[in-house]
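Chains as they are written, first to last, in our numbering: chain A, 1 to 198; chain B, 199 to 396.
Honestly, I wouldn't trust all of these hints.
[Said to hold, decoys possible] The calculated lysine to any residue pairs, modelled on SDA-like cross-linking and capped at a C-alpha distance of 25 Å, are: (1) 173(A) x 305(B); (2) 258(B) x 111(A); (3) 35(A) x 208(B); (4) 60(A) x 395(B); (5) 258(B) x 182(A); (6) 371(B) x 173(A); (7) 173(A) x 312(B); (8) 258(B) x 119(A); (9) 258(B) x 161(A); (10) 173(A) x 306(B); (11) 35(A) x 311(B); (12) 35(A) x 205(B); (13) 233(B) x 10(A); (14) 371(B) x 99(A); (15) 60(A) x 363(B); (16) 371(B) x 14(A); (17) 371(B) x 96(A); (18) 35(A) x 213(B); (19) 233(B) x 13(A); (20) 233(B) x 16(A); (21) 371(B) x 119(A); (22) 35(A) x 258(B); (23) 173(A) x 311(B); (24) 371(B) x 114(A); (25) 35(A) x 206(B); (26) 233(B) x 14(A).
Keep in mind the hints are simulated off the structure, nothing from the lab.
All values derive from a computational prediction rather than experimental measurement.
Number of protein chains: 2
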Amino acid sequence: MELADEAGIESVTMRELGRRLGVKAASLYNHIAGKDDLLDGLMNLALSGIDIALDGLDWKDAMRRRAVSAREVFARHPWAAGLIDSRDRRGRESLAYVDRVLGVLIRAGFSTADAANAFLVLDSYIYGFERQRPAAPEGNGTDGTGEAREILAAIPEGEYPFAARVAAEFSGKPFDREAAFEFGLGLILDGLERSLGH
Amino acid sequence: MELADEAGIESVTMRELGRRLGVKAASLYNHIAGKDDLLDGLMNLALSGIDIALDGLDWKDAMRRRAVSAREVFARHPWAAGLIDSRDRRGRESLAYVDRVLGVLIRAGFSTADAANAFLVLDSYIYGFERQRPAAPEGNGTDGTGEAREILAAIPEGEYPFAARVAAEFSGKPFDREAAFEFGLGLILDGLERSLGH
DNA sequence: ACCTGAACACCGTTCAAGT
DNA sequence: ACCTGAACACCGTTCAAGT
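Could you build the full structure based on these sequences and the hints that come with them?
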């Protein structure tokens, strides 16, 4: 996890990990089954950081807390979203996660099928939002103005007027990703609430 | 693109592509700058398959058509969603795409900033939904009942009751992914419409 | 019980040498 | 103008041999 956080998930190789641990890559096979096992462990570690102690909360608050908690995990571990939704979700950690979320929704009055739907829609958005990040070359934690300026500079004079307008706007004023996330999350939660009453 | 569709994006290597073309990997460098260039081309090819001839349509219909068109591309090219949102979006094809979408939203009355927000929220969902696919080992195009049965079988007796309930439900009855997609898309579009009137 | 060296079958990329 | 062979610095994984 340290290696992934510091050097990026693409640097998590058996050989590099061995180097960090002062050991040859082949030695790792005494402790894990292979690279897949390693990535599964990494996924579970990230997943366990998402708050699913949601009891006693209104279902909307519970889903909101889960989403915010996921975003905190993504902030610490930028590789987490990609890993979580590219891998099998049949481990115990994944099942526990799925069970808690479905439990909240079903107890709130969603039918089994509707709860599955709501879960899929919510997670599509939560994980999808993270990956919509425009692979910032300056690293994360920026306010996006530098990137907006780059894009603006890359647009040929007079072409793509709407893209240029948006790039110009956010060259001057920072883009608030968290506000955008919560705006979209609110739309979905409100819609789900309306669908709950049929 | 043929190679990616038939053998998966992970099989798209310079060496394998050379093999298919009856040529050594090194020869490819006479035609493209490198693997990055190859993947950019692949992304643009996929992107150009998404319908953005949206003129004359109501903004909601336009966004719906775009979403449906994207899903058709994903059905043909399962690697497309992952490639598109993992790569730089500064090429001409990407800019054209972004410009058309923003144009529809801005002309519909969204402010520059609100249009950027709406775009991000929509694409997070559209691309995110695709990647939420539970890497089906049986290949795609299944109705999910086989997978639901596998998950059900993997759940220890008496544990994860809600997950078990959902898995049981969809062991018998197919899960309609497209319906779920459109349900979520509708929630977001309705929410955006409401936000348009403030 | 754990580590190592060596090997195998892979990667992307460069570059001098060929036609 | 294009292709090739050979090389370099990488991958994941296996396995006999060491301690």
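The hints, checked one at a time:
In summary, the hint linking residue 173(A) to residue 305(B) is supported, as the alpha carbons are separated by about 22 Å, within the 25 Å threshold. With a CA separation close to 28 Å, the supplied pair residue 258(B) and residue 111(A) exceeds the 25 Å bound. In summary, the hint linking residue 35(A) to residue 208(B) is supported, as the alpha carbons are separated by about 16 Å, within the 25 Å threshold. Distance hint between residue 60(A) and residue 395(B) is fulfilled; the C-alpha atoms sit about 24 Å from each other, no more than 25 Å.
Taking the CA atoms of residue 258(B) and residue 182(A), the gap is about 21 Å. The hint holds against a cut of 25 Å. Note on residue 371(B) and residue 173(A): the hinted pairing is violated, with a Cα-Cα distance of about 50 Å set against a maximum of 25 Å. For the proposed pair residue 173(A) and residue 312(B), the alpha carbon gap of about 14 Å is at most 25 Å, so the pair holds. Restraint check for residue 258(B) and residue 119(A): the C-alpha separation of about 24 Å stays at or below 25 Å, so the hint holds.
Distance check on the hinted pair: residue 258(B) and residue 161(A) sit about 21 Å apart at the alpha-carbon level, within 25 Å; holds. A C-alpha spacing of about 23 Å is found between residue 173(A) and residue 306(B), which places the hinted pair at or below 25 Å, so the restraint holds. This hinted pair does not check out: residue 35(A) and residue 311(B) have alpha carbons roughly 43 Å apart, beyond 25 Å. Simply put, residue 35(A) and residue 205(B) have alpha-carbon atoms about 21 Å apart, close enough for the 25 Å limit, and the pair holds.
In summary, the hint linking residue 233(B) to residue 10(A) is supported, as the alpha carbons are separated by about 16 Å, within the 25 Å threshold. Restraint check: the Cα-Cα separation between residue 371(B) and residue 99(A) comes to about 20 Å, which is no more than 25 Å; the hinted pair holds. Of the supplied pair hints, the one linking residue 60(A) and residue 363(B) holds, its CA atoms being roughly 22 Å apart against a limit of 25 Å. For the given pair, residue 371(B) sits about 42 Å from residue 14(A) by alpha-carbon distance, which is inconsistent with the 25 Å threshold.
Distance hint between residue 371(B) and residue 96(A) is fulfilled; the C-alpha atoms sit about 23 Å from each other, no more than 25 Å. Restraint check for residue 35(A) and residue 213(B): the C-alpha separation of about 23 Å stays at or below 25 Å, so the hint holds. Proximity of residue 233(B) to residue 13(A) is assessed by CA-CA distance (about 20 Å); at most 25 Å being required, the pair is judged to hold. Restraint check for residue 233(B) and residue 16(A): the C-alpha separation of about 23 Å stays at or below 25 Å, so the hint holds.
Among the hinted pairs, residue 371(B) with residue 119(A) is consistent with the structure: their alpha-carbon atoms are about 18 Å apart, no more than 25 Å. Distance restraint check for residue 35(A) and residue 258(B): the Cα-Cα separation of roughly 45 Å exceeds the 25 Å cut-off, and the hinted pair is therefore not satisfied. Restraint check: the Cα-Cα separation between residue 173(A) and residue 311(B) comes to about 10 Å, which is no more than 25 Å; the hinted pair holds. A distance of roughly 14 Å separates the Cα atoms of residue 371(B) and residue 114(A); the hinted pair therefore holds under the 25 Å criterion.
With a C-alpha separation of about 20 Å, the suggested pairing of residue 35(A) with residue 206(B) holds against the 25 Å cut-off. At roughly 23 Å between alpha-carbon atoms, residue 233(B) and residue 14(A) fall within 25 Å of each other, so this suggested pair holds.
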